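So the protein lines, in turn, are chains E and R.
Heads up: the first sequence begins at 1 in the numbering used here, then just goes up one per residue.
Heads up: the second sequence begins at 402 in the numbering used here, then just goes up one per residue.
Derived by calculation from the structure, the hints in this document are not laboratory data.
All values derive from a computational prediction rather than experimental measurement.
Beta carbons: idealized from backbone N, C-alpha and C, even for Gly.
Hints should not be assumed to be uniformly reliable.
Pair by pair, the computed Cβ-Cβ distance ranges are [claimed, not checked]: (1) R:E451 with E:T385: 48 to 54 Å; (2) R:T652 with E:L384: 52 to 58 Å; (3) E:S369 with R:P569: 54 to 60 Å; (4) R:N553 with E:E28: 52 to 58 Å; (5) R:S686 with E:G222: 24 to 30 Å; (6) R:S651 with E:S367: 29 to 35 Å; (7) E:P288 with R:G758: 15 to 21 Å; (8) R:E648 with E:Q366: 49 to 55 Å; (9) E:T131 with R:P569: 27 to 33 Å; (10) E:T131 with R:E648: 32 to 38 Å; (11) R:E684 with E:G222: 46 to 52 Å; (12) E:P219 with R:S609: 31 to 37 Å; (13) E:Q200 with R:R567: 39 to 45 Å.
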Amino acid sequence: MMRLTATALLLASAAPVWAETHTISPGEGAQERLQEALILAEPGDEIVLEAGRYTLTDGLSLDVDGVTVRGAGMDGTVLDFTAQEGSGEGLLVTSDNVTLRDFALENPKGDGIKSKGADNIVYYRIRVTWTGGPKPTNGAYGIYPVESTGVLVSHSEVSGASDAGIYVGQSSKITVRHSIASDNVAGIEIENSRDAVVSQNFVTRNTGGILVFDLPGLPVMGGGNVMIVNNLVVDNDTENFAPPGNIVAGVRRGTGIMVMANENVWIENNIVQRNVTAPFMVIAYTQPYEDERYNPYPREVSISHNITDIGGTNPDFEGGEMLMAAFGGALPPILWDGLSQDENTVALRTIGDVPGWSLNLERQGQSLSEARPGPLDVPAPISLTEADDWGAPAELEARIG
Amino acid sequence: MRRGIALLAAGALALSVSIATSNDASALPPPRINDEAILGIEQLDGEVREMPRTLAEYGFFLDAAARSPAPGLIPYELNTPLWSDGADKLRYIYLPEGEMLDTDGDLDNPGLLQFPVGSAIIKTFAFGERYVETRVLVHRADGWVALPYRWNQEQTEARLALAGARIPITTPSGEEISYRIPNKNQCKSCHSKDGEIVPIGPKVRNLSFRWLTRMALDGHIKNILVKDPIEGPLPVGGSRMPEWNDEDASTEVLARAYLDVNCAHCHQPGGGASNSGLDLRWEQSDRFAIGVNKPPVAAGRGAGGLLVSIEPGAPERSILVHRMDSNDPGVAMPELGRSTIDRKAVALMRKWISEMGE
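Whole structure, please, built from the sequences with the hints as guidance.
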């Protein structure tokens, strides 16, 4: 495997002139053979995983730039972590310009695939499944890019995650599209991230469908510029099975699309049906924090042109029955807690085609018993002019052609 | 200037290396540590072995079983060591001829000894008499490289185990475990700072006064300020970590040293777990950053239903204790390097947190 002649060394940093293909087959010693290939690969190389089931006992990791890992399809090549004994994830990627495509992970003990500080990463036709269905003992995140610039998740599937199926954190230039997130606590979550496009996904049977959060106390702060368009967000009615303590453990069963403490979030042209607590929820972060950089309020969240239903028909909170009666049998589809940064900062905009309601809270941390629920009265959206450079860079799109 | 401070001029007091070398010289040529193997450059036979296939290729030891270090290998121990399933560890450093360690007070890595190119750090993991693996960190022109070597059953050879391995072991506490030799990338998972591989163990504050003094006297280390013998030598801005079994040290000092050594290589800015926002370095004084009343971020089920990393006075409600006290791969911390629970450390953390004020 050692191809580092003097000439090669001189050229090693340049374009991958001698890109090689390393083919791995399942069976005896797959753990070592696959891990060795991941270590010895050079930039531009492709690691091909032949069809079959790979029984793995430890997490895998990739730390070489520009490598493609390609399987024989997300039902053809299965990395089976049911017997995993160590590591916090099935596959860890820490290098840039990596393409992962056409394979599946089953039953990782922690996270499925985590990519950290891995810029320009593509997840294409990747499946991560906890095969026993929703369980608190399942791993936390299925597809988990964090601290990265340039993330494309496309045509992928995650189910069973005890936290979030597709979770992008502390990153920018993100596209999550054409993917299926089902039976997770959170289907798709964009957290402390900027310039993200979440489009054309099918998000169903999670506790909450699509979440956009900004949290305090993290290295990367200031989430915003998120577009959620053309998604099908239906039947997110799974009881919350997150281990308590995690932020998503507070997500109500039956939440469709939820925004917490973020700015410039566009929610348009989605079909949002049968999410029985709230098809749309916009709230401030209410827990105590000590972080001067943090803005706990939603700012400029626009909800328009979505197709939704009557709204909250079986809300997952106390007093829901009474509230439903007060609103005539169901809670209007858009729920806002009423909190905003100040009088001059608009928290939420809607065009009024879908009714909403507000808890009309007046300050952070106020008890819900002090809420004065009433109909939503907010301004209309203003046109979006800056979104051209949101989403994954075109180079990532080109890679999967 | 404080009384009693003296700057030891580098190299001026160089004495003989006080390491036991092999006994009396025989007719054989003196053994030589293979600098080319360490540097990963062309060797005598014209071949480049960027990753030497066996430990023996480096020439660090005189015998095949690696019981006798070659001249030039310098043993060291740490006040508070990293815990690895109770393994004994034999630690050595190697410096190329004429080169010195430096303590130049790198603010990003306070207290970490700076090693010249051509150095190596060698650590063998043993259970009883049995060597399991030897990890080698070599400092090359383009950075550090970490390589794991696995010992054979006969204890005659340690071969490169790029992909790591699992080996059945009985620990000193009697547990039967599947011991994990990390793969080359997993070496980097811990030995990483801003994406570059760095040593993590040999910090000045975690080395004994006697050792540092002798290294200075032998001309192997520069930029050490020698204070009085009780406090020992310090790099600028440094302080001292306790010995792990020091019964006189305070619980807090012992706990913070343990967290620095066992956790902070990931849990610091630029480390593998930087996205958690948890910073467990010795020098971190912000209580929130070390986890006090800090909610988890992406702990997933690792949080175990608990709300904060450390709840003062309540170890049973502290995620930090929960994760140290688990063996489940989705929960256990550290994620790498242990298959068993460090019960003494868990007890220490419980004591520290229960004594902690609001």
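Comparing the hints with the structure gives:
Between E451 of chain R and T385 of chain E the beta carbon distance is about 52 Å. The supplied range of 48 to 54 Å therefore holds. Checked against the given bound of 52 to 58 Å, the beta carbons of T652 of chain R and L384 of chain E, roughly 56 Å apart, stay inside it. For S369 of chain E and P569 of chain R, the Cβ-Cβ distance of about 59 Å falls inside the hinted range of 54 to 60 Å, so the restraint holds. Restraint check, N553 of chain R to E28 of chain E: a C-beta distance of roughly 20 Å breaks the suggested window 52 to 58 Å.
A beta carbon spacing of about 25 Å between S686 of chain R and G222 of chain E agrees with the range 24 to 30 Å that was offered as a hint. For the pair S651 of chain R and S367 of chain E, the beta carbons lie near 41 Å from each other, so the given range of 29 to 35 Å is not met. The hinted range of 15 to 21 Å is satisfied by P288 of chain E and G758 of chain R, whose Cβ atoms lie roughly 18 Å apart. Checking the proposed 49 to 55 Å range against E648 of chain R and Q366 of chain E shows it holds: the Cβ atoms sit about 51 Å from each other.
The hinted range of 27 to 33 Å is satisfied by T131 of chain E and P569 of chain R, whose Cβ atoms lie roughly 28 Å apart. Range check, T131 of chain E to E648 of chain R: about 50 Å between beta-carbon atoms, so the 32 to 38 Å window is missed. With their beta carbons about 27 Å apart, E684 of chain R and G222 of chain E fall outside the hinted range of 46 to 52 Å. Between P219 of chain E and S609 of chain R the Cβ separation comes to about 35 Å, which falls inside the hinted range of 31 to 37 Å.
A hinted range of 39 to 45 Å for the beta carbons of Q200 of chain E and R567 of chain R is consistent with their spacing of about 42 Å.
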